[in-house]
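Listed here are the chains, written in short residue letters.
Number of protein chains: 2
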Amino acid sequence: MKVKVLADILGANDRVAGENRRLFRDNGVFVINLMSAPGAGKTSLIEKTIQALGDTCRVGVIEGDIATAADAERIGRTGVPVVQINTGGACHLDGNMVRAALGEMDLSALDLLIVENVGNLVCPAEFNVGEDKKVMLLSVAEGDDKPLKYPLMFRESSALVINKTDLVEHTDFDMEKARRDSLSINPSLSIYPVSCRTGDGLGGWFGWLKEGVAGAS
Amino acid sequence: MKVKVLADILGANDRVAGENRRLFRDNGVFVINLMSAPGAGKTSLIEKTIQALGDTCRVGVIEGDIATAADAERIGRTGVPVVQINTGGACHLDGNMVRAALGEMDLSALDLLIVENVGNLVCPAEFNVGEDKKVMLLSVAEGDDKPLKYPLMFRESSALVINKTDLVEHTDFDMEKARRDSLSINPSLSIYPVSCRTGDGLGGWFGWLKEGVAGAS
Chain A
6 MKVKVLADIL GANDRVAGEN RRLFRDNGVF VINLMSAPGA GKTSLIEKTI
56 QALGDTCRVG VIEGDIATAA DAERIGRTGV PVVQINTGGA CHLDGNMVRA
106 ALGEMDLSAL DLLIVENVGN LVCPAEFNVG EDKKVMLLSV AEGDDKPLKY
156 PLMFRESSAL VINKTDLVEH TDFDMEKARR DSLSINPSLS IYPVSCRTGD
206 GLGGWFGWLK EGVAGAS
Chain B
6 MKVKVLADIL GANDRVAGEN RRLFRDNGVF VINLMSAPGA GKTSLIEKTI
56 QALGDTCRVG VIEGDIATAA DAERIGRTGV PVVQINTGGA CHLDGNMVRA
106 ALGEMDLSAL DLLIVENVGN LVCPAEFNVG EDKKVMLLSV AEGDDKPLKY
156 PLMFRESSAL VINKTDLVEH TDFDMEKARR DSLSINPSLS IYPVSCRTGD
206 GLGGWFGWLK EGVAGAS
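For the record, the sequence lines run as chains A and B.
To convert, take the position in the first sequence, counting from 1, and add 5; that gives my numbering.
To convert, take the position in the second sequence, counting from 1, and add 5; that gives my numbering.
So here's chain A without its partners, still in its complex pose (with noise of 0.2 Å):
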């Protein structure tokens, strides 16, 4: 009984997904689902791809949040449209959620959408919400240990982006364990390692995006 409902909820997400993903083909736009724990550095890195690719590339952005329009206030100050989803207690976005606002987004204007979704390493990367790629996004600070305690987010995901890296020496986090524990999950991510704060290693990061963007237009 349990699974049937939850089979019922996540393919009739699926169908929401899907209308979705058309209407983002049918307009040439690139858009990543971007996922990660609480406080790794989610809408900074938006920040940082905005201040580096908005001259050429025109981006949007959805804000996820249980509450608050926190994080839509900090990119809408970037100039870009954006729009705030506050989910209330759910842990995730989802298709709806999205597609609700689209109903805000002109993307006929876009080239690059991303999708900033809920704070959390677990139920997100069960919903699609009709996106190209997912991406996640780890700090330094959580420990290396993570790969191999949320596997699922590293096995859905085509982009790593390894976050906070000027803490490092702070931390014990092994880089090489991250990277080794991550690809035993998922051998086709690509791996990121930057910072925010100091701009190390985003190029990288920058690279594989337009990439992204290129492929869709």
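Rather than coming from a laboratory, the hints here were simulated on the basis of the structure.
Note that the structure is predicted; figures quoted are calculated from it, not measured.
Don't take each hint at face value.
Intra- or inter-copy, both count: the list cannot distinguish identical chains.
Stated by the list, open to error - Within a straight-line C-alpha distance of at most 20 Å, the following computed EDC-like cross-link-like pairs (lysine to aspartate or glutamate) qualify:
id, residue 1, residue 2
1, 53, 177
2, 182, 78
3, 138, 13
Chain A is already provided as a structure; the job is to place chain B on it using the hints.
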């Protein structure tokens, strides 16, 4: 329909949690449900707590994780009884999972039981497992915006441990803002800034625990 299902799940969970609670009381065990985002340092805090209190207080631990027994193995090295729950995909512990773990644990031989929940700032706060108190752990690396963005966990918790204060000088974390926003959500929250790495500030947290243990016996 959705709401009905959710009500059933939470209602059924509360009944099981109530049975766990009676078991804990009958055995005079003080039980905390320790929650945080992934990588905030729950297992490190438990290790430090066992080192500090283990001589005068009989401690047991239930570890909750999506996958692996890594945390239970860490705790096992301290010599205290520990049971690992692997939730599969589930992003939180519930009353039934903890009840199942209790079959492997002699409550009459314990003064303090620490239940380490799955790393997640959202769903764990919705499910009682029969604990006396919920405790949440926030890492300064996650940022000082978390109380307003994840209010339920701050509201449900009795104590807030703010970990990794040794990193505070390398981040933008504003301790006074975190404290103020947490108390605006939950004025009776006891707040302990600590560093599990340096040991700084742990005394206050140990005192809060000892008081709970004394009250339960």
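Results for each hint:
1. 53 to 177: Intra 26 Å, inter 17 Å, cutoff 20 Å: inter-copy only.
2. 182 to 78: between (36 Å within a copy, 18 Å between copies)
3. 138 to 13: neither (23 Å within a copy, 35 Å between copies)
When each numbered hint is compared with the structure, a violation occurs for hint 3 only.
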